[in-house]
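Colleague: The lines below spell out each chain.
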Amino acid sequence: MTALLELEGVKVSYRVAGRPRLVAVDDVSLSLGTRQVLGLVGESGCGKSTLARAICGLEGLDSGSITFDGTPVTRLGMRTRDRKLLRIQMVFQNPYASLNPRRTIGRQIEDGLRVNPDRTAWTVPDLLAHVELDASARSRFPHQFSGGQRQRIAIARAIASGPDLLVGDEPIASLDASLQARVAGLMRSLALETGASLLFISHDLSVVRVIADDVAVMSRGRIVERGDVNEVWSNPQQPYTKQLLSAIPKVDGLGVLPG
Amino acid sequence: MSQPSASGGLGIRDLTLSIGRGEKAKRILRGISLDVPAGRITGLAGESGSGKTMTGMTVLGLQPEQATVGGVIEFDGRNLLELPTKKLNTLRGNDIAMVFQDPTSSLHPMLSIGSQLTDHLRQHTGMSKREALERARVVLEQVKVPDPAGALKKYPHQFSGGQLQRVAIASAIMCSPSVLIADEPTTALDVTVQAGILRLLRELCDDLGLAILLVTHDLGVMSALADTIAVMREGEIVEHGDRFQVITAPRDPYTRALIDALPRDGSTGAEQATTGDAS
Amino acid sequence: MSQTTAPASRPQPDVLAVAARRRLRFPAALRNPLAVTGTAIIVVWLLLALLAPMISPAGPLAQDFERLQPPSAAHWFGTDQLGRDVLARVLDGARVSIILPLLLVVSSLLVGTIAGSVAGYFGKVADEVIMRIADLVFAFPTIILAMVIAASLGPSLTNAVIAMLIVSWPAYARVTRSLVVVASRSEYVVAGRLLGNSPFVSLGKDILPNIIAPVVVLATLDVGTAILLLAGLSFLGLGAVPPTPDWGAMVSDGVQNFSSWWISVFPGLAILTVVLAFNFLGDALRDTLDPRTADAVKGRAL
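Residue numbers (the numbering used here), protein chains in the order written: chain A, 100 to 358; chain B, 481 to 759; chain C, 187 to 488.
For the record, the hints were derived by calculation from the structure and aren't laboratory data. Quantities reported herein were computed from a predicted structural model and do not represent experimental measurements. Ideal Cβ placement from N, Cα and C applies to all residues, glycine included. Some hints here could point you the wrong way.
Computed, partial: chain B to chain A, Cβ under 10 angstroms [to be verified]:
#	residue
1	Leu591
2	Val671
3	Thr672
4	Gln674
5	Ala675
6	Arg679
7	Gly700
8	Met702
9	Val718
10	Asp722
11	Arg723
12	Phe724
13	Val726
14	Ile727
15	Leu742
Using the sequences provided together with the hints, build the complete structure.
Modeller: Have a look at this one:
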């Protein structure tokens, strides 16, 4: 299996005023195959969002390389995105900021359709139906929708472009607790249905457990463990993973405090 | 100011709340009865829209202005729903305190932790600044904020999410309340940080004899922390009982569905390595 | 910007919501009595300016009458030192004194918005160059700089307008730049770029429509200032050249004939009413903006 996405020794750092450079992602190597769902988990500040942004070309690399389907991912900067890289799409964390408030839902989804190599793959009503929204949503504006609905629209827009890799950067963290699992499940099923891979980034281990095939555990800029979700859950190798998993409260009714 | 902890609990009887009038009225709470006894953690579970947050808000007198409320919320022999606003305001913060999901929402970004913790206390007790700051330091120590004396001089943005939630809890217990309403207190936190906050809430409940009403959708948190669990659905309590019974042998089909919806091994844990579960 | 307005077809349940949104956006501002007054005065003046040749009692340049006559039934506003009808000149002057500043504001809005967007969006060199030029202009008192430029170009209306354009675009550039900097970090802008929008498409489609409202409010507030500035330059003899009827120049004429109060009072009143009207309207529009952007505009307008 040739990898769809290949990361080699990726390092990303930030300048922080008055301090040494902050290394957010440190020597990360990772590969992701086609039609695979990889969950990337870790605590806040571990560098997982920076890694997601780097994969989309939104961060410059200090060293290392990111290759997507044979094309090197370069920093987007002020250029128009390479057509090949349009096959990577992202769903952002904050559904209230990820849609243009002044354009109708239909037009924003059409933005996605426009770059889909297979022009007849989707229609707007089709996509809306797939994310469980009414067709009338098309002519409405974002402010008329709830957070969960907006996130579905953002997913529809990303899927509209026919991506081979869908990156979700904490896509459910801002959603109402009871909606989180459903939206995550929707991302998985849509990605797989369209033949795309999904990189799902979350600090919510229980959701990743349910939707991912593979899981990568990130801590302090490094990936400490990677493997099949069930294997990692049932037999974690690294102390950090063990610690993380044992901190999840168990639903056993015994009243045992975790950690 | 504070009530003797023996009578410190809260009794909710047939609480109803609706928004709007007549035919179109939306009934958010349809007769909630629940005891929140002192020294115990009472869990209120349910999906969003079930009315669990609204129940907590109504106890605090923070329900929407246009809402019509019925029933009784008994605290220290008085019905909170009949108290004049002024009395309720004194009660809130002094005897009944609250902790929310987002600690930044209850802390002023431009004021030092020291002045935020002491303001309310000094206003209500006439304590001197020195005494109040000393009390604040003790409380910060109690909630295990590292370097309590130094923390008094810091500002909210200088703390991590978990530490800030501890500060918010400190702020809630400054006036020695007898009831604490905790609405999704750990939902925004990483699991390892969450574990610490859960531990802290349990300690406060045991040590101070607090009556805690824990509102959360997370059954894991419920199972770890609550003594009794009430499950809400569409404004009604469908099940209420001992933690172990509700989690392991739910009587209500909705509760059972909620629990069955969890990953098969009932969440997770490293010790599964030993049981060899490879589901 | 056109794609941001209402969709072509609108299904039933949305009519109310969209209507509510509409009502909130523009007319709510105009329910304020001051805004209504302001709008009414502006409309009346614009009509007068357009219809001036038809309703004017005399030609604005015709020296047909006795000199320095006080207001009377025949000459409502009196006549000036050259025997011209003051009413006719005030009416005709509206075409110069209102319409020219309006055009000026529109052009500085365009220049400033484009410069500010480029600076804010592209940053780096573009930002440094554009904003340092803007700072340079800001370093001088507006009126003095305009006078210097107008004087060095030679007195004429065109040169006065050029001078004013030079001094007024940086305000728009600065406000636009700060709004663009904030907006360009929005996730929807990034999402658009990830979908292959070029930076310019991104600016036009995602950024400008979301930030233009406060800039337009700023422009409305600025019309009054522009009218005063042009009148000021003309008053100093740096703008309209005689015999062009211009309110500023007319006030200046009046000063030389101090006993004939009517020569300067009527054009002065005209300036007063128009400037007040635009300020009323601008204030009302500003108040309906959301508080965050309103602050940016207020800070600049004060």
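Colleague: Which of the listed hints are broken here?
Modeller: Going through the list in order, the structure violates hints 1 and 9 and respects the others.
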